[in-house]
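J.: The primary structure of each chain is shown beneath.
There are 4 protein chains.
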Amino acid sequence: MLMPFKTRIRVRFGDADPAGLVYYPVLFHYCHIAMEEFFAERCGIPYHRVMADDRIGFPTVNVQAEFFIPLAYGDEAEVEVTVARIGGSSATFVYNIRRVEDGVLCARSTSVHVSMNLDTRCAVPLPPRYLECLAENHS
Amino acid sequence: MLMPFKTRIRVRFGDADPAGLVYYPVLFHYCHIAMEEFFAERCGIPYHRVMADDRIGFPTVNVQAEFFIPLAYGDEAEVEVTVARIGGSSATFVYNIRRVEDGVLCARSTSVHVSMNLDTRCAVPLPPRYLECLAENHS
Amino acid sequence: MLMPFKTRIRVRFGDADPAGLVYYPVLFHYCHIAMEEFFAERCGIPYHRVMADDRIGFPTVNVQAEFFIPLAYGDEAEVEVTVARIGGSSATFVYNIRRVEDGVLCARSTSVHVSMNLDTRCAVPLPPRYLECLAENHS
Amino acid sequence: MLMPFKTRIRVRFGDADPAGLVYYPVLFHYCHIAMEEFFAERCGIPYHRVMADDRIGFPTVNVQAEFFIPLAYGDEAEVEVTVARIGGSSATFVYNIRRVEDGVLCARSTSVHVSMNLDTRCAVPLPPRYLECLAENHS
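Protein chains in written order, with numbering that gives the first Met the number 0: chain A, 0 to 138; chain B, 0 to 138; chain C, 0 to 138; chain D, 0 to 138.
If you are wondering where the hints come from, they were derived from the structure by calculation, not from laboratory data. Please read all numbers here as calculations on a predicted model, not as lab measurements. Be careful, since some hints might not be right.
Said to hold, decoys possible - Covered by chain D, according to a simulated footprint, are these stretches of chain C (three or more residues, beta-carbon under 8 Å):
no., region
1, 6–15
2, 52–63
Said to hold, decoys possible - Pair by pair, the computed Cβ-Cβ distance ranges are:
no., chain 1, residue 1, chain 2, residue 2, range
3, B, Arg9, A, Asn116, 22 to 32 Å
4, A, Glu65, D, Thr119, 21 to 31 Å
5, C, Arg84, B, Arg9, 20 to 30 Å
Using N, Cα and C, we set each Cβ at its ideal position, and we do this for glycine too.
Here chain A stands alone, though its shape is the one from the complex (with noise of 0.2 Å):
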C-alpha cells in the first residue's frame, strides 16, 4: 500500500466569494483537480489520456461532503486522495482538504464515480488498469 497521495492547490482571487471565502462549488472543483493529478501520478495516465485513449471517463454519480473550516483567498490547500472502495464499475474516493499552514482538516468530500464509456454512456467494468492501481491506493 501506498502513501496518500497528495497534491496542492493555491486558492486564487477568483475562487473566493465576496465573503473573501472559497466558494463551495469550487472546492469540488478541487476535488476533481486533485483526481486529475491522481491518475497522472499513481496510475500513469493523465486523466485527458484515459479520455482520449479507453473512451472511459468517471463521472460523478454521489458526493457526501462536510465542510468545516472555510478556505479563505490566500491560503494554499493541500487536497489528500484515496481509495475507500472498488466496485465493479464504480470507485468511491475520498478528498481531505487541509490548509497547508496548519495542516488543519478545512473540508472532506467522499466521492463516487462510475467508470463510464463515453461514447455509448454506459457504465462499464472498470479496465484492469485501473483497478489494479486504484486497488494500491486503497485506504
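Starting from the known structure of chain A, fit chains B, C and D onto it as the hints suggest.
T.: Just chains B, C and D now, kept in the frame of chain A:
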C-alpha cells in the same frame, strides 16, 4: 404550506465539460443560484441584502448529493427548493434538479446551511424573518 | 434593421470576487451567454444546435474590452448584442453591458468570432442562414 | 532588467468546453493567476496581502487580446508576464500564453490595471513598492 419554490436555469456553453455534460461542481453553483432566488422570492429579501443588511450569510457545511442523469449542454434545468429541517442556527435545504424537457429528475442535493455572522464568522441563531419564511417552505 | 438584441443576467454570488465585484473573466462569460441567447432569439437556432446540426462553432479570436464601472454582487446586468462587421468567415460582435438599475454603461467588449468547422477546426465561410441573421442585426 | 516572469498552468477538465478547448473567459482567469504569482514572486508580496495590507487592488480596466491557437484539455500553458507601461496610477501588463509542449504562442492579452483603493474604490497613485517592482519587470 406553499408550493415548492422552483426556478429555471439554462445550461450554458461554459458550464459543460469536454464530454458535453455539465461539470458536476457547476450543479452546486446551480443550487446556490436557486437558493439566492429562493431568498428573493420567498423571504422577500435578495441574498445580497441578507449579507449587507443583516451581516448574515448561509454557508454550506454539509452536502449529500446524487447525480442520476447527466445534464447536457442545450438542456434547461428546473431547480426545486424545499426546506427539510430547521434548527436553531441552521437549515437543511433540498434541491431537486430536473430536466425541463421531460421532467426527469437529474440530481438531488441536500445541503445544511449555517446562519453565520459575516463579521465574527460564528454561527448565530436564525433571525425571526428567515425562520418564518423557512417554516412556510418546509416540505 | 432590427432593434438591438438585449438580454438580462443577474450577478450571482459565485460571480463576485473578494472585493464584492464581478471578477472580470466572468464578464466575458456574460458576453458568451448573451451570444448564445442571440443565436436562439435572432437566428432561430440555439447555439448547441448550431454546433450539433451544422458542426460549426464561433470561437473568439480577438477581444477588445473596456471596463468603465464595476458590476457588484446584487446588480442585474443587461447585455446588448450588435453586429459591427461581417466578413467571409468571421463576424465582429459588440457587447454593451449596462447596469439595469440606472442604465449606466459598465463595460463594452468588441469580439471577433470565426466560423469554424468543429471537426477540422478550420475556418469556413459563414453559412447563409447565419449571414442573413447577422446582417439583420448589423449596427 | 529581469528575465520575464513565467508561470505554468495546467488546463483542467473543468476549464474546457464541449469542443474540448479552453473556454475563452478561462484564459483571462489564467492571466489573473499569473498576475497573482507575479506579485508574489517579483514584488515579494502575495496578492491577497496587497489587498489586506495596503487596501489596494488592481482591477482590469482595458483588455486587448488575441487568440491564435486554441489550448485544449490536456495541454499545459506557460504564461509570461511583462510590464509594458507604467503610469501614475495604472500599469499595462502583457500576458503571453504558450503551449508548453511545443512553445507555440496561443494567446496574448494586454491589460491595463488601475491601482484602486479598496475602501473608496477610487484610483490612487501606485505605491513606491509596486512602482519599483513594476519598473524592474518593464519589457
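J.: Each hint should be assessed against the structure and marked as holding or not.
T.: Hints and how they fare:
Coverage of the region 6–15 of chain C by chain D is violated. Counting CB-CB distances below 8 Å, 0 residues qualify, and the rule asks for three or more. A count of 7 residues in the region 52–63 of chain C with a Cβ less than 8 Å from any Cβ of chain D is obtained; the coverage claim is therefore met, three being the minimum. Here the CB-CB span from Arg9/B to Asn116/A is close to 28 Å, well matched to the stated 22 to 32 Å. A hinted range of 21 to 31 Å is violated for the C-beta pair Glu65/A and Thr119/D, which are about 40 Å apart.
Taking 20 to 30 Å as the suggested C-beta distance range, the pair Arg84/C and Arg9/B conforms, at roughly 28 Å.
When the structure is compared with the earlier hints, violations turn up for hints 1 and 4 and for no others.
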